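Participant: So the protein lines, in turn, are chains A and B. Everything in the first sequence is counted per our numbering, starting at 1 for the first residue and increasing by one. Everything in the second sequence is counted per our numbering, starting at 1 for the first residue and increasing by one.
These aren't lab readings, by the way, just hints derived from the structure by calculation. As the structure is a prediction and not an experimental result, all values here were calculated from the model. Some hints could be false.
Stated by the list, open to error - In silico DSSO-like cross-links for lysine-lysine, where the CA-CA straight-line distance does not exceed 30 Å: (1) Lys-385(B) / Lys-494(A); (2) Lys-385(B) / Lys-89(A); (3) Lys-552(A) / Lys-374(B); (4) Lys-14(B) / Lys-563(A); (5) Lys-14(B) / Lys-173(B); (6) Lys-75(B) / Lys-319(B).
As the list claims (entries may be wrong) - So, partial list: chain B residues that the calculated Cβ filter (under 7 Å) puts toward chain A: (7) Tyr-23; (8) Val-27; (9) Ile-327; (10) Asp-423.
Each residue gets a CB set at the ideal place from its N, CA and C atoms; glycine is no exception.
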Amino acid sequence: MYTYDKKYDVIVIGAGHAGCEAALAAARMGCTTLILTMNIDNIAMMSCNPAIGGLAKGHLVCEIDALGGEMARCIDRTGIQFRILNKVKGPAVQASRAQADKLLYRIDMKSVLERQDRLYIKQAIVDSILTDNGRVKGVATDTGIIYISNSVIVTTGTFLNGLIHIGLSNFPAGRAGEFPSTKLSDSLKDIGFRLGRLKTGTTPRLDGRTIDFSVMDIHEGDDPPIPFSYSTERITQGQIPCYLTYTNEKTHRVIRENLNRSPLYSGAIKGVGPRYCPSIEDKVVRFYDKERHQIFLEPEGRNTHEFYANGLSTSLPIDIQIKFLRTIRGLEEVEIMKPGYAIEYDFVPPTQIFPTLETKPVKRLFLAGQINGTSGYEEAAAQGLMAGINAALMIRGKEPLILDRSNAYIGVLIDDLVTKGTEEPYRMFTSRAEYRLLLRQDNTDMRLREKGFKIGLVSKDEYERFLDKRNRIKMEIERLTNISIRPSRITNDKLLEIGTEEIKTPTSLANLLRRPNIKYKDIEAIDGNGNAIDERIGKQVEIEIKYHGYIKRQLAQVEKFKKWEQEKMPQSIDYDHIPGLSLEVREKLNTVRPISFGQASRISGMTPSALSIIMIYIEKIRRTKRARDEKA
Amino acid sequence: MKGLFADVRGERLKEVKSHRVTYGFIVDPESGRRIDEVLLTVMLAPRSYTREDVVEISCHGGMIPLTAILNLVIKGGARPAEPGEFTKRAFLNGRIDLTQAEAVIDIIRSRSDVSLRMATRHMEGGLSKEISSLREELIGIAAQVEASIDFSGEDIDIESRDILLKKSERVLKMINTLLKTFDHGRILREGARTIIVGRTNVGKSSLLNALLNQERAIVTPIPGTTRDSIEEMINIDGIHLNIIDTAGIRKRGGYVEREGMKRTMDLLKDADIVLMMLDGSERLTVDDRSIMREVRDKNLIIVVNKTDLLQVIEINEIKRAFPDKRIYTISATEKKGLDRLKDGIKELLTDKEITSESILITRIRHREALIRAKENMENAIKSIKDSMSEEFIALDINAAMESLGEITGQTFSEDVLNKIFSDFCIGK
């Protein structure tokens, strides 16, 4: 073994979406950072679909951006189609999604890493994590090199003991065509982690030259495309379309007749797969009477013929994949470039980490991304960012950054993971956020920009732009609230023209804006003020005024929630010593080790009387200690 | 708790001295109506059992004043204490010592065990059945609503707004039925709030006297003799009626009458049953007609009095105005038609759907939770009718689920996702 003579503040294992954000955040916050990847040409690789964002995921991307992460800027530079989803619904559940040029995204992110000061990139396979007295001290690689560091962030994705299934054959791999990481899994077990097993899958990639697009529906992007990042002025690159086709009875018959060759149904796959992302064989079996399933063909990039068949995740054998694909309209002659497959991998059930993403058994060791049981690039990147931030804050001896459920989707994500754990690959949904109406994609900067600036990830320049925006929104809301218009002939004509009722008494502009069919733009016309305000500011003003009642209701809920979050639980409690707790509750408390009463109350199986008992126990300890101190 | 208490000099709760017993009245802050005369003790922190500000109210015994006062303080923001809560607070605030604290844990544990057993027994019965079918309905609605938000891009069949509306209305109806059992249980325990209304001098007091068989109210031929409300209890075949005779309603009148009318209106709000009296020997007056408008939606019995005199009242007009209400003709002074009236009252109070076995909601805490769920459902229904986006509907559906969860101690968050994944073919 050879110990490398350089010492790092942070070592990041893995350079996927979590690893990249973690390494960038740590380096940008002043830490000397080393990122280790098994294959330096696969940095920021999109293993599955060529897209970033989507419902609730777009929220995550924007939150990463507001805090000073990279994902949003990278997709803005390399996206090939941008859309806002749920446009017909209210602002809280609208979200951005973009098709990515996979190759460009990878190259772009790699070059951002390469240009980052204090960040070193090396190709290596990590075999073990080195600890000393319950604290991490570095990593050892398969070529016998030891790297020493102050902290380690593990972001191994699906690589831990990865096992790919295609039909009834299977082989160890981290991703199609890549080695798995087997020794690291053992190392984690040796340190004291409990491991679980999950499963996910991907779709066949098709050769665009063998697809008849002329019989399919075309899906274009929005015009103009709206960027994700607050730093992106506008998207300048051109957009390319996706295509929509459907499976049919013939497809389903082929699949049904060959289920005996599916590893999913033969029992070969033991890991738990995501219910929201079932394979096509699963869909055909479980939703027997559904006549067709939609298939989106998404380009993998601008300069490739490769297409991702969204909706056809499968682990059936290749001959069956070919057979059922060719029953689909437009795919009669299709050639597969890469087959679909299922992959099983180890994960660390996330109740073993703190809300900072630091592990409970080993100090200064952080886990982020799929290793924590999540699924999705955005969920991974969000955790990577938070792990990087908290590793850096810890090294500098500062308070950690923990976002709560009322701050951000990132807060919901991490709180769910560390409090409830997960049984299947965890994906974010807007329905997971109880304060959904406050956690909008449009106001991520209002929620998080300040935090990003304080930790040093958002530049002063960007921050001042934000302060200016916030101030202008505030002033405009005040103006609309204070200015009333009289029911004059001219005004009422304008109102009728817009399609709303006349006014009979003086009415504030804010109250007019609350009417369902009036938009901020209309107010400008009625007002005659004409000082055209920035569109993003106008949008915020409109939302804040229009949904004031709902926002107020959620704020009241948040206030109640905060009260319990602020009641801290000491970390030294031994729950086995508290009389009167049920075995189930005690076990869960010992695993989760909640940091607040609020978090404790969200543990499944927790009861109000158990909480009372804990509260009394804590007070008792506190008083015994005080009594002892007074005596001494 | 503003305006809840007034002593004889009109002093308010805030002005009452600590650690003194003060005589006064509990007042409904909304209507200004006196609920009961009480002795009130304020113990300001830290000189109290819990070391927090404590107010003790000593009222008359019996369920009526107790429930009324409890309802008022809950409306004002208070909530019923958990088992052992006062002792727990006393400990947390440092008033009792360690050994006592151990006892608190026992209290909490044993009490919650006992109440758990009791609750389980309660739950095994009808309430749990009712709440769990409500829960199923709500999860179904929430799954539809949430799926339409989180999986809008997928090819799934979301139910139409019409179906969503029907389902939500069905839930609201179920909640209302449950709430009704509380009222019914209360009627059996405490008696039905029965209000006699009518313009002046139609014979309200005479009816009360006839029903009581005694001269309680002062009966004179001068209109407007009863300036204040008079409350009496009678028993019809085992059903208690708390009969309240109100001041006659007359549009043009002095201050006292306006006050009396205001109180009558307040009383009408909480009435279980309303007896509207008319004078058969006179034609309908402006006052009669305005009363008829006020009581339109009440649990109503129409009583036409003075059959001993020549009948000139427009009886057909009344029948047309109240096609589904019963009309009883009586003579209060000659005590004629009273038995038929009593039968009618009894019939109106005996809900055929609710027997004494099916009374499920007995606790104020459950009722409070159901009332919140009811308000949430009403909001949700309004949002659906206003074509609001789904996340706004979801806000109230979720709040309704949370309110129901307070009754059963269950949470719903994962159930909705489970329902979505089992009902819809999700996943691209």
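Participant: For every hint, state whether the structure bears it out.
Facilitator: Against the structure, the hints:
1. Distance check on the hinted pair: Lys-385(B) and Lys-494(A) sit about 28 Å apart at the alpha-carbon level, within 30 Å; holds.
2. Distance hint between Lys-385(B) and Lys-89(A) is fulfilled; the C-alpha atoms sit about 15 Å from each other, no more than 30 Å.
3. Distance hint between Lys-552(A) and Lys-374(B) is fulfilled; the C-alpha atoms sit about 20 Å from each other, no more than 30 Å.
4. A distance of roughly 27 Å separates the Cα atoms of Lys-14(B) and Lys-563(A); the hinted pair therefore holds under the 30 Å criterion.
5. Among the hinted pairs, Lys-14(B) with Lys-173(B) is inconsistent with the structure: their alpha-carbon atoms are about 42 Å apart, more than 30 Å.
6. With a C-alpha separation of about 39 Å, the suggested pair Lys-75(B) and Lys-319(B) falls outside the 30 Å cut-off, and the hint is violated.
7. A distance limit of 7 Å between C-beta atoms decides the matter here; for Tyr-23(B) the minimum to chain A is near 37 Å, and the interface restraint is violated.
8. Restraint check, Val-27(B) versus chain A: the minimum CB separation of about 28 Å is more than 7 Å; hint violated.
9. At its closest, the beta carbon of Ile-327(B) sits 44 Å from a beta carbon of chain A; the interface hint therefore is violated under the 7 Å criterion.
10. A distance limit of 7 Å between C-beta atoms decides the matter here; for Asp-423(B) the minimum to chain A is near 10 Å, and the interface restraint is violated.
Hints 5, 6, 7, 8, 9 and 10 from the list above are not met by this structure, while the remaining hints are.
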